[in-house]
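Novice: Chain order of the listed sequences is A and B. Position in the first sequence (from 1) plus 4 gives the number in this note's numbering. Position in the second sequence (from 1) plus 4 gives the number in this note's numbering.
A couple of the hints might just be wrong.
[To be verified] List of simulated lysine-lysine pairs, DSBU-like, C-alpha gap at most 35 Å:
1) Lys-316(A) <-> Lys-294(B)
2) Lys-316(A) <-> Lys-285(A)
3) Lys-285(B) <-> Lys-294(A)
4) Lys-77(B) <-> Lys-285(A)
By construction, these hints were calculated from the structure, which means they are not laboratory data.
Below, each chain spelled out in residue letters.
Number of protein chains: 2
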Amino acid sequence: MDLVDRLMAGDARALARAISMIEEDVAGAVDVLREVFPRTGRSMVLGVTGAPGAGKSSLVDRLIAHYRARDQKIGVVAVDPSSAYSGGAILGDRVRMQEHATDPQVFIRSMATRGHLGGLCRAANDAVDLLDAAGYDPVVIETVGVGQDEIEVARAADVVGVVLVPGMGDDIQAIKAGILEIADLFIINKADLAGADRLAADLEGMLSLADNSIAGALPRHRPEILRTVAVRDEGVAELVERIDSFFETSGARRAERRRERAESRFLSILSERLVGRAREKALPSTGYRKTIEEIAERRTDPYTAVERVVRKLGMS
Amino acid sequence: MDLVDRLMAGDARALARAISMIEEDVAGAVDVLREVFPRTGRSMVLGVTGAPGAGKSSLVDRLIAHYRARDQKIGVVAVDPSSAYSGGAILGDRVRMQEHATDPQVFIRSMATRGHLGGLCRAANDAVDLLDAAGYDPVVIETVGVGQDEIEVARAADVVGVVLVPGMGDDIQAIKAGILEIADLFIINKADLAGADRLAADLEGMLSLADNSIAGALPRHRPEILRTVAVRDEGVAELVERIDSFFETSGARRAERRRERAESRFLSILSERLVGRAREKALPSTGYRKTIEEIAERRTDPYTAVERVVRKLGMS
């Protein structure tokens with residue numbers, strides 16, 4: 005049986021191999037994705053994001069246990085955009101999830117970029133497709149941080165939970181506008197800490213404010229605020245229930261999300277491919293280095309340098 | 005006098021207008037950049053980044069006062085990648101800087117994305133060039149957050165200060181690997197709070213660890229750890245001194261940074277331009293929408309869709 009058949013038959017080793025191929029961007033990786041693509045789009049994709057230290061790993065750990073108790077196969081893709089320059093610093097985090105390591109119905113994979121920007125987002129989306137095709141449902145996509153990349157990654161999900169924790173500096177300031185826009189559920193974790201009530205009240209206030217703002221606002225679901233203490237498994241059963249019910253009642257929003265996801269995947273793959281081809285065709289051998297030197301030394305501005313390439317390709 | 009002449013003569017209104025042109029991506033914006041480009045690269049660019057709530061605005065506010073006391077013109081570009089979906093949520097933060105609003109030797113500008121990813125990073129780089137050409141020195145580029153985009157923006161700087169604050173959750177976990185790599189100076193702000201010593205010790209430990217790690221490590225300057233209480237102006241004079249001395253002694257690193265910056269600017273402008281032209285040429289009128297629909301409905305995978313475009317452009 006070839007890799008794709010084994011993957012779709014639920015062979016975890018074939019799945020792991022396919023994800024590695026995507027991460028390493030080897031020949032054949034795209035063929036695997038092409039083959040599985042028609043078999044994807046069936047699983048619920050659950051995004052979990054929030055600042056470092058909010059207890060996302062513990063929470064995901066508990067979620068795994070709850071989904072397993074319902075006999076669902078569950079996959080986790082843990083993504084850390086900001087560890088780009090170290091290549092995989094989050095592995096320590098994952099150690100806690102090892103209690104599920106021997107359960108063949110649980111698949112956990114950490115991903116970090118190896119080089120270029122945008123590549124991680126693409127690879128994470130591809131990995132979600134592979135888990136989906138392999139029958140994992142839900143697929144959890146966990147990101148660390150609250151920057152633009154995390155938002156992009158989270159947008160790949162059908163349901164997005166934003167994890168907050170009481171007392172991390174100026175709570176409300178930390179919840180950036182972009183996060184507000186993508187959150188379907190707010191999860192106050194470590195809710196037994198002092199400050200949980202204040203955080204909930206601040207969040208409520210912020211959501212009311214957002215409700216009242218007219219500019220560009222689409223009518224939409226107002227995110228619920230839930231409380232958990234993941235390490236003691238408190239509130240997690242209710243969270244799973246709220247995720248289910250959100251997923252079931254959000255068909256229109258889900259379709260819109262999937263369209264947005266399709267667009268951002270298309271554009272990022274297109275951009276990677278075009279830049280790669282442009283370099284090969286218009287700036288072969290030392291041409292690329294020379295161009296960069298000229299810009300660095302302020303002899304050519306980057307716009308003029310780009311225009312030259314575009315003209316050379318006959319695309320101006 | 006035309007806009008570029010007025011800008012280079014130090015007219016703040018011309019400068020503000022040019023930055024708006026860049027933000028709005030209007031015709032003529034690129035011409036302005038082309039014209040000023042040979043006059044850039046002279047100012048020290050100082051990056052200030054760190055998590056929300058660390059007191060970056062207060063610190064930058066104090067830095068302005070110190071540079072003004074030395075009679076330097078100072079420009080600030082405040083960038084918030086995560087407010088992409090709201091379009092300018094950080095303005096509240098800037099209010100505190102208004103004490104300098106009447107000083108013509110101080111120029112402060114907030115920027116947030118209006119739409120596509122990557123655009124903000126490009127616009128911020130362009131704005132730094134404009135301030136540089138207008139004679140502001142230093143130019144401070146302040147970012148909110150610690151994600152990949154903030155790292156990209158900070159990399160545009162000659163000197164990068166990472167602002168931390170005691171007691172924000174798991175301190176060390178919050179300092180992501182990428183931030184470690186770009187930091188030239190660590191600034192523990194609000195250093196009068198409990199936990200400042202522990203944070204400094206944790207940082208020291210982490211830096212020692214990094215020193216000992218072999219994999220991919222280039223010999224480099226070990227970041228200094230400084231302490232400030234910005235609201236009381238404590239430690240800020242020393243910070244300014246350390247920034248100066250880092251800048252003066254880091255010539256080789258600076259040249260390398262400027263080369264990296266040239267490369268990332270070139271690639272991001274190239275990518276924007278190629279994708280734009282590809283859409284016009286290969287997917288005119290409803291072709292683009294149709295392609296996205298096909299991917300969203302899983303009838304075509306994104307790789308195949310991209311390949312079609314590349315072939316149509318004669319670039320395969």
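Novice: Do the alpha carbons of Lys-316(A) and Lys-285(A) lie within 35 Å of each other, as the hint requires?
Specialist: holds (9 Å)
Novice: Is Lys-285(B) within 35 Å of Lys-294(A), Cα to Cα?
Specialist: OK: Lys-285(B) and Lys-294(A) at ~29 Å, within 35 Å.
Novice: Lys-316(A) and Lys-294(B): Cα distance at most 35 Å?
Specialist: holds (30 Å)
Novice: Given the hinted pair Lys-77(B) and Lys-285(A), is their alpha-carbon gap at most 35 Å?
Specialist: Violated - the C-alpha atoms of Lys-285(A) and Lys-77(B) are around 44 Å apart, more than 35 Å.
In this structure, the one hint that does not hold is number 4.
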